[in-house]
Amino acid sequence: MAMHSRQPIESGCPDGFQYMHPTMVKNYGQWKYHEHPQPGVLKHVAYSGEEIWTVRAGTQRILDVFTLRKLCDIGDKFADGYVHFTIRSNIEYMVADGSKVAPLIKELTDNGFIVGGTKNSVAMISHTQGWLHCDIPGTDASGVVKSMMDELIDEFRTNTMPNRVHITTSCCQINCGGQGDIAINVQHTKPPKINHDLVANVCERPSVVARCPVAAIRPAMVNGKPSLEVDEKKCICCGACFPPCPPMQINDAENSKLAIWVGGNHSNARSKPTFQRLVASGVPNNPPRWPEATAIVKKILKVYKEDAKDWERINDWIERIGWPRFFELTNLPFTKFHIDNWRGARRSLNSSTHIRF
Amino acid sequence: MNKHETPMLDQLESGEWPSFISGFKRLRDEHPEKRINEVANSLLGQLEHSYETRKGYWKGGTVSVFGYGGGIIPRFSEVGHAFPESKEFHTLRVQPPAGNFYTTSMLRQLADSWEKYGSGLQTFHGQTGNIMFIGTTTENTQHFFDEINEYGWDLGGAGPCVRTAMSCIGAARCEMSCAHEHKIHRLLVNNFTDDVHRPALPYKFKFKVSGCPNDCQNAIERADMAVIGTWRDDIQIDEAEVAAFIAKKGRQYVIDNVITRCPTSCMTLSDDDKLSVDNRNCVRCMHCLNVMPKALHPGKDHGVTILIGGKRTLKIGDLMGTVVVPFKKLETDEDYESLVELAEETIDFFAENALEHERTGEMIERIGLVNFLEGIGIDVDPNMVAEPRQCSYVRMDTWDEEAAKWFERKAEAG
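Protein chains in written order, with numbering that gives the first Met the number 0: chain A, 0 to 356; chain B, 0 to 413.
Don't take every hint at face value.
Covered, in the sense of this in silico footprint (three residues per stretch, anywhere, with C-beta under 8 Å from a C-beta of chain A), are these stretches of chain B [said to hold, decoys possible]: (1) 2-11; (2) 167-178.
Calculated lysine to aspartate or glutamate pairs in the EDC-like style (CA-CA distance at most 16 Å, straight line) [stated by the list, open to error]: (3) K86(B) - E37(B); (4) K308(A) - E318(A); (5) K31(A) - E29(B); (6) K31(A) - E240(B); (7) K299(B) - D237(B); (8) K248(B) - D309(A); (9) K86(B) - D134(A); (10) K54(B) - D79(A); (11) K182(B) - E138(B); (12) K76(A) - E50(A); (13) K293(B) - E34(A); (14) K69(A) - D79(A); (15) K115(B) - E138(B); (16) K33(B) - E15(B); (17) K58(B) - D134(A); (18) K24(B) - E37(B); (19) K69(A) - D14(A); (20) K192(A) - E228(A); (21) K69(A) - E386(B); (22) K189(A) - D230(A); (23) K31(A) - E238(B); (24) K271(A) - E12(B); (25) K308(A) - E138(B); (26) K327(B) - D300(B); (27) K182(B) - D251(A); (28) K99(A) - D134(A); (29) K404(B) - D378(B); (30) K293(B) - D251(A); (31) K247(B) - E34(A); (32) K54(B) - D14(A); (33) K248(B) - E34(A); (34) K69(A) - D111(B); (35) K118(A) - D230(A); (36) K192(A) - E231(A); (37) K42(A) - D96(A); (38) K54(B) - D134(A).
What the hints contain is simulated information worked out from the structure, not anything from laboratory work. Remember, predicted model here, so these are calculated numbers, not experimental data. Beta carbons: idealized from backbone N, C-alpha and C, even for Gly.
Construct the entire structure; sequences and hints are all you get.
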């Protein structure tokens with residue numbers, strides 16, 4: 000190959016104003032209020048009196064060029080040619096004229112896109128790459144999300160939840176999917192299986208030792224070769240050693256399970272931000288449709304919908320009713336694994352007589 | 000072309016939610032270019048194999064573009080002999096515009112370029128916030144980058160470096176916005192382009208900007224440096240709209256959903272339906288504004304709160320950011336410059352003091368917040384803690400000096 004000598008232009012993050020709807024540029028920082036005329040539609044009104052209408056639609060997130068061009072065609076023909084993507088990979092079309100909203104929704108719906116995801120809906124599940132592209136995945140991401148959104152689609156296109164529900168998935172315990180009202184994450188249950196023939200050539204052993212959160216890994220000579228060994232009694236099966244040392248195989252077709260966590264909330268609204276807490280584990284990693292995980296999510300959503308008050312996020316709701324009632328209402332087992340023993344765990348214990356009967 | 004059988008993936012084509020598998024099959028069956036048909040077929044084959052065996056088959060490697068060290072997620076197939084057309088399947092991480100805005104014509108231009116060199120698959124956006132162009136060879140990685148770099152697009156971060164930043168839609172559309180999110184976003188991340196493109200930090204460093212405490216960008220929980228818009232004067236109350244809201248929803252609704260839900264009990268609804276706020280005790284939680292967006296608005300004296308140290312699980316567990324700047328005005332050029340200086344101080348300190356593969360939050364956990372604050376030259380403030388120290392086992396023989404500093408600072412602040 001010829002020597003490549005083009006120097007990159009280090010332009011960094013582009014200016015968004017060049018791609019912004021002119022009504023939004025004009026009224027930048029001058030928005031007065033918004034209304035929510037129907038699921039999937041937001042109407043923002045500026046102090047100038049001008050309006051911008053937003054129509055939000057869910058997609059498959061991994062877009063092929065045909066789908067991307069179809070979304071562009073819809074934007075050209077039925078909207079003003081400007082789009083925005085939300086943090087949960089929904090596409091949003093903005094139009095200045097409210098009369099464009101109904102035909103836009105019809106066109107999106109006719110083409111199989113799902114209008115919704117606003118306010119107190121179950122929002123699009125935020126997810127990771129999984130088997131499609133990650134080097135350390137315990138499961139797929141897009142397939143789990145497709146399966147789950149098929150089941151939750153009516154909650155996406157209506158607004159019948161007490162407050163918004165953000166669901167996330169992660170394909171390993173690093174949790175790239177982030178915090179969610181409900182999170183479905185891979186949970187390994189067995190220590191890594193080590194291919195001792197490869198460790199010396201593939202892994203920088205001190206880095207692997209340093210990566211272990213519980214100091215369970217130490218250098219060792221195995222069969223006359225420098226390798227690593229794991230104290231399996233200490234090992235928490237987190238998989239942190241696998242990315243820097245792939246011969247420490249953590250993914251296991253049978254023993255890598257899914258766990259479900261609830262009550263993560265990134266907003267400061269009402270209560271301070273919270274991290275998600277474990278509620279269920281041992282859920283089979285069962286492609287192509289992962290029905291067991293979806294069933295638990297649906298059960299939690301059903302109880303939340305029936306029992307929470309307006310505006311309560313899942314963490315607010317559980318704080319009001321208490322964890323014992325959560326386990327009672329959802330009929331999920333409470334086990335010794337729910338009692339935290341990680342650093343700082345004492346803060347999570349009940350040191351009072353505050354008990355609901 | 001021998002099409003791989005995909006009985007498991009085929010089951011992901013039923014149901015109403017748009018199917019990514021149907022998209023892959025369109026690329027395999029309908030795209031005019033044979034290369035793309037074959038790549039899609041091969042990818043479907045490998046993915047089906049993963050579904051059948053419940054394992055991933057990608058390994059990393061070292062791929063970058065000329066002049067950079069990062070920005071590409073290299074993927075080489077471990078089962079490339081069976082699925083050769085997608086055996087090199089790298090992702091380019093490309094920085095989106097601040098706020099994630101696009102025109103359809105720009106999206107088409109990007110699609111045209113990607114079709115020339117890549118698989119025809121892309122995502123807006125990945126969890127860090129990049130546009131992800133998924134699937135190309137080592138050679139075409141360079142060609143695609145060269146082409147889009149000419150019309151304004153640059154790579155994001157991958158590896159131990161400053162990562163692509165994120166900001167909410169903010170002042171462009173949202174009445175809650177208390178900051179120029181996109182300006183902050185670009186000033187910060189574009190000050191560190193060298194650190195984005197050439198990974199040389201202990202580990203990743205992320206900026207995220209949210210325009211108000213609703214924190215739609217998850218900044219506190221995910222960013223090493225979270226910049227969040229807020230205000231310090233009074234909530235603006237539109238009395239006519241309050242009356243209209245009560246008329247529509249009822250008095251009880253306002254009491255149950257606004258007044259009694261205020262976390263610091265600072266709201267009152269009087270007998271004549273006048274709403275008032277004890278603004279000194281308002282913690283800017285946003286709840287009442289979220290419920291009554293027409294009647295209540297953030298105050299006008301805008302600024303930002305800055306938190307440092309949020310991160311995901313690896314290695315010591317999830318951490319939230321900690322307040323290091325309770326309130327900072329961002330009006331003048333000097334204000335913005337000092338924000339960038341704070342980021343520089345923080346990243347310099349991180350680069351010098353963090354252990355390999357340690358995030359800022361973990362570094363602060365290890366060395367203590369005070370050592371970090373002294374390192375970046377920021378004075379302590381009671382807004383940085385949820386509560387003061389509980390344990391008496393601490394050496395405090397410079398108490399008088401520290402107390403004097405507090406009174407000096409108070410006197411200076413007037």
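To see whether the hints hold, each was checked on the structure:
1. 2-11: holds (count 4)
2. 167-178: Since three or more residues must qualify, the claim that chain A covers the segment 167-178 of chain B holds, with 8 doing so at under 8 Å.
3. K86(B) - E37(B): holds (11 Å)
4. K308(A) - E318(A): Satisfied, since the Cα-Cα distance of roughly 12 Å is no more than 16 Å.
5. K31(A) - E29(B): violated (47 Å)
6. K31(A) - E240(B): holds (12 Å)
7. K299(B) - D237(B): holds (14 Å)
8. K248(B) - D309(A): With Cα atoms ~13 Å apart, K248(B) and D309(A) stay inside 16 Å; holds.
9. K86(B) - D134(A): holds (13 Å)
10. K54(B) - D79(A): violated (44 Å)
11. K182(B) - E138(B): Outside the cut-off at roughly 35 Å; violated.
12. K76(A) - E50(A): violated (20 Å)
13. K293(B) - E34(A): holds (8 Å)
14. K69(A) - D79(A): holds (15 Å)
15. K115(B) - E138(B): Holds. K115(B) to E138(B) sits at ~13 Å (cutoff 16 Å).
16. K33(B) - E15(B): Violated, because 30 Å separates the two Cα atoms, which is more than 16 Å.
17. K58(B) - D134(A): The hint holds at about 5 Å.
18. K24(B) - E37(B): holds (11 Å)
19. K69(A) - D14(A): Cα-Cα ~25 Å, so violated.
20. K192(A) - E228(A): holds (10 Å)
21. K69(A) - E386(B): violated (54 Å)
22. K189(A) - D230(A): holds (12 Å)
23. K31(A) - E238(B): holds (15 Å)
24. K271(A) - E12(B): violated (40 Å)
25. K308(A) - E138(B): Status violated; Cα separation ~56 Å.
26. K327(B) - D300(B): holds (11 Å)
27. K182(B) - D251(A): violated (46 Å)
28. K99(A) - D134(A): violated (44 Å)
29. K404(B) - D378(B): holds (9 Å)
30. K293(B) - D251(A): violated (53 Å)
31. K247(B) - E34(A): Holds. K247(B) to E34(A) sits at ~14 Å (cutoff 16 Å).
32. K54(B) - D14(A): violated (40 Å)
33. K248(B) - E34(A): holds (15 Å)
34. K69(A) - D111(B): Holds - the C-alpha atoms of D111(B) and K69(A) are around 14 Å apart, at most 16 Å.
35. K118(A) - D230(A): violated (48 Å)
36. K192(A) - E231(A): holds (11 Å)
37. K42(A) - D96(A): holds (10 Å)
38. K54(B) - D134(A): holds (10 Å)
The structure is inconsistent with the numbered hints 5, 10, 11, 12, 16, 19, 21, 24, 25, 27, 28, 30, 32 and 35, although it conforms to all the rest.
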